[in-house]
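Protein chains: 2
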Amino acid sequence: MYAPSKQPEHKLTMIPGPIEFSDSVLQAMSTPSQAHTSPEFVKTFQEVLQNLRKLFKSADPHAQPYVIAGSGTLGWDFVGANLVNPGDSVLVLSTGFFSDSFAECLRVYGADVDVITAPVGDVVPFDQIEKQLAKKKYTAVTITQVDTSTAVVSDVAKISEIVRLSNPETLLIVDGVCSVAVEDLEFDKWHVDFALTASQKAIGVPAGLSIMFASSRAVAKAEAREKDSTFFASMKRWTPIMRAYESGSGAYFATPAVQTITALKVSLSEILAEPLEKRFAKHAETAAKFRKELADAGIKIVPVSENVAAHGLTAAYFPEGVEGPKLLSTLASKGFTVAGGIHKALVGKYFRVGHMGYSVYQGHVDAVSKAIVSSVEELKK
Amino acid sequence: MYAPSKQPEHKLTMIPGPIEFSDSVLQAMSTPSQAHTSPEFVKTFQEVLQNLRKLFKSADPHAQPYVIAGSGTLGWDFVGANLVNPGDSVLVLSTGFFSDSFAECLRVYGADVDVITAPVGDVVPFDQIEKQLAKKKYTAVTITQVDTSTAVVSDVAKISEIVRLSNPETLLIVDGVCSVAVEDLEFDKWHVDFALTASQKAIGVPAGLSIMFASSRAVAKAEAREKDSTFFASMKRWTPIMRAYESGSGAYFATPAVQTITALKVSLSEILAEPLEKRFAKHAETAAKFRKELADAGIKIVPVSENVAAHGLTAAYFPEGVEGPKLLSTLASKGFTVAGGIHKALVGKYFRVGHMGYSVYQGHVDAVSKAIVSSVEELKK
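If you read the sequences in order, they're chains A and B. Just so it is clear: in the first sequence, position 228 is 228 by full-length UniProt numbering, and no numbers are missing. Just so it is clear: in the second sequence, position 124 is 124 by full-length UniProt numbering, and no numbers are missing.
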């Protein structure tokens with residue numbers, strides 16, 4: 001699926017995004033200039049939009065993919081600006097820093113936000129969700145499928161069931177920044193209304209694209225808004241543009257990131273070259289092996305159980321007797337960039353390692369695992 | 001300054017952006033992955049921000065450059081969301097489609113917008129601006145330095161003088177999407193408060209970056225806002241991030257487009273390798289020669305005089321007896337993409353040719369000029 005790398009030797013980026021990119025994705029980044037409405041680029045963008053439907057497992061022709069120059073953060077603005085009206089109640093299920101930031105974004109747009117915060121390293125208990133939904137009517141519920149700050153994965157299917165049982169009109173919104181293309185996300189089957197992600201994580205493309213997927217009722221809700229909240233993040237303005245490209249003709253609202261979208265075309269074709277289930281299983285297996293190796297070396301994992309541990313990254317505590325910054329710099333000297341922590345309750349106490357996409361298929365995860373275990377041993381001496 | 005191209009043969013993109021990119025810029029697009037807070041990328045971003053100060057000719061340490069994943073359009077949102085409060089009066093000087101879209105964006109944010117529309121192909125007369133400013137107090141005046149729909153260039157220095165004479169508190173806002181790095185823009189000297197542009201025009205980098213520059217008083221105004229209008233387009237959230245990178249340390253609000261910013265570093269160093277005045281003169285000379293060749297072949301230019309004609313692109317009417325779509329497809333078959341028109345009063349009647357950056361130095365403009373002249377002759381037969 002991925003040819004062996006011919007990239008110049010460089011420190012491997014083993015953080016939870018940006019991840020390492022395949023050679024063919026990087027080559028696509030340097031595609032010579034094409035007009036954004038040229039037949040060549042229209043064909044590229046068309047394939048991207050069609051393949052996103054496969055990645056999100058959606059067969060609903062009225063659901064809508066969006067690819068827009070921006071970042072994952074911009075996806076939150078799309079939710080706040082298009083799917084929630086000022087004063088609407090939104091329930092945020094928080095499993096970490098990114099869930100809380102999403103809540104902050106929604107408040108900027110005037111939403112009345114309630115947050116249920118999971119214990120650090122765990123998910124929000126289902127009965128708490130049920131209880132809260134029984135107490136109050138929500139326009140939308142947001143789930144961060146994988147919170148990159150804690151490496152916890154939430155059960156979107158089960159939460160969707162709970163939400164629909166309580167109120168089928170509540171929109172189900174999934175932040176899939178660190179999950180799409182590594183965790184299963186059944187957009188139609190699980191009745192997701194809006195999922196947002198970004199290019200630089202499991203999708204395996206350099207940062208710079210906000211990638212979103214809206215259900216038909218989310219599209220209709222955005223269309224029905226009387227007043228735009230923003231210009232650039234207006235679904236109403238973007239929907240016809242995406243439809244035009246997917247149907248094979250150019251259209252203009254803002255210039256698309258031609259080269260990065262060309263790289264996305266390449267990456268999606270690499271991802272879809274094997275069944276998604278096989279890809280998810282490969283990531284699950286790699287993640288479990290990696291965590292076992294760390295645990296065997298006495299390194300404690302942040303997620304409280306393997307059940308709630310994400311498959312695209314691992315968060316782990318610095319072992320006792322090992323200084324965090326020292327471990328990160330030792331790993332850098334061995335050729336690996338791993339990430340510090342950003343969860344405010346844990347900052348300085350843990351680190352995070354990405355194991356998504358290309359690196360999973362190139363042996364990078366084994367290599368970083370060995371480097372972590374040996375570095376911890378050295379530093380403990 | 002630019003090495004001769006080794007790019008695979010491809011249709012030359014001679015539209016007013018995206019333009020052709022230099023080999024080294026394209027190579028930088030495929031830089032292997034780097035963490036967004038890695039020392040390598042922090043150094044890259046630092047250099048970019050420092051060099052933007054040179055490009056905008058600003059020596060004010062309290063002025064602030066911003067580089068954000070997005071497009072030129074996002075720059076309008078920054079103005080609407082940060083520099084204008086709902087109900088504030090803004091005067092838009094319109095020289096075409098893009099000025100009008102900027103006005104539309106500002107209205108989304110609740111601005112009370114007045115538009116003075118120039119005659120097609122001309123600029124807004126100075127006395128009309130004076131008269132309007134005498135009638136009403138404006139929070140901001142916007143100028144589209146070059147409107148890409150008409151290829152008309154406005155006199156920012158002179159308009160700045162008029163605005164400051166009338167009311168020195170009025171913010172001067174310049175849409176420089178099709179002008180920065182090809183037309184002179186003296187940010188400090190002309191008392192500009194906010195300029196916005198994008199990567200894919202004269203700056204010579206693939207699309208995907210919104211590039212902005214704010215005066216100290218614009219930064220202060222954004223800081224003083226009590227309430228954010230958006231999350232992603234909040235200057236208050238981005239200012240500390242940009243300051244951190246420029247001072248040599250990483251910071252996080254949303255993941256920057258690492259590869260495209262690396263390409264921007266390369267392009268800025270290419271641009272600044274010669275004095276900006278020399279670059280502007282080269283573009284002016286190329287533009288004048290190109291328009292003379294078209295005029296000599298009986299092709300009428302849209303801008304009413306050489307005085308108001310932009311230096312980075314030309315808009316010209318299809319000659320009588322030549323079908324527009326036929327001319328564009330003939331040029332495509334000869335290896336050139338040029339653009340149709342988008343000004344609503346003229347659509348179908350004219351075409352646009354970009355002559356910015358790399359192409360100006362590689363002989364592409366001479367080549368497209370010859371192709372246009374010969375194609376018009378053939379099609380007239």
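Careful, some of the hints might be misleading.
Copies of the same chain are indistinguishable here, so a pair counts whether it falls within one copy or spans any two.
[As the list claims (entries may be wrong)] Cross-link-like lysine to aspartate or glutamate pairs, in silico, EDC-like; alpha carbons within 20 Å at most:
no., residue 1, residue 2
1, K227, D88
2, K292, D122
3, K236, E104
4, K11, E40
5, K289, E306
6, K334, E40
7, K380, E223
8, K43, D112
9, K300, D127
10, K227, D100
Hints listed in this document are in silico derivations from the structure and should not be mistaken for laboratory results.
Against the structure, the hints:
1. K227 with D88: both (15 Å within a copy, 18 Å between copies)
2. K292 with D122: Answer is within: at 19 Å inside a copy they meet the 20 Å cutoff, but 70 Å across does not.
3. K236 with E104: Cα proximity of K236 and E104: across copies only (14 Å, versus 23 Å in one copy).
4. K11 with E40: Answer is between; shortest inter-copy Cα gap is 10 Å, intra-copy 34 Å.
5. K289 with E306: within (11 Å within a copy, 69 Å between copies)
6. K334 with E40: Only across copies: K334 and E40 sit 16 Å apart there, 42 Å inside one copy, limit 20 Å.
7. K380 with E223: neither (59 Å within a copy, 46 Å between copies)
8. K43 with D112: neither (42 Å within a copy, 41 Å between copies)
9. K300 with D127: Answer is neither; intra-copy 28 Å and inter-copy 73 Å both fail.
10. K227 with D100: Between copies, since 18 Å is at most 20 Å while 27 Å is not.
Hints 7, 8 and 9 from the list above are not met by this structure, while the remaining hints are.
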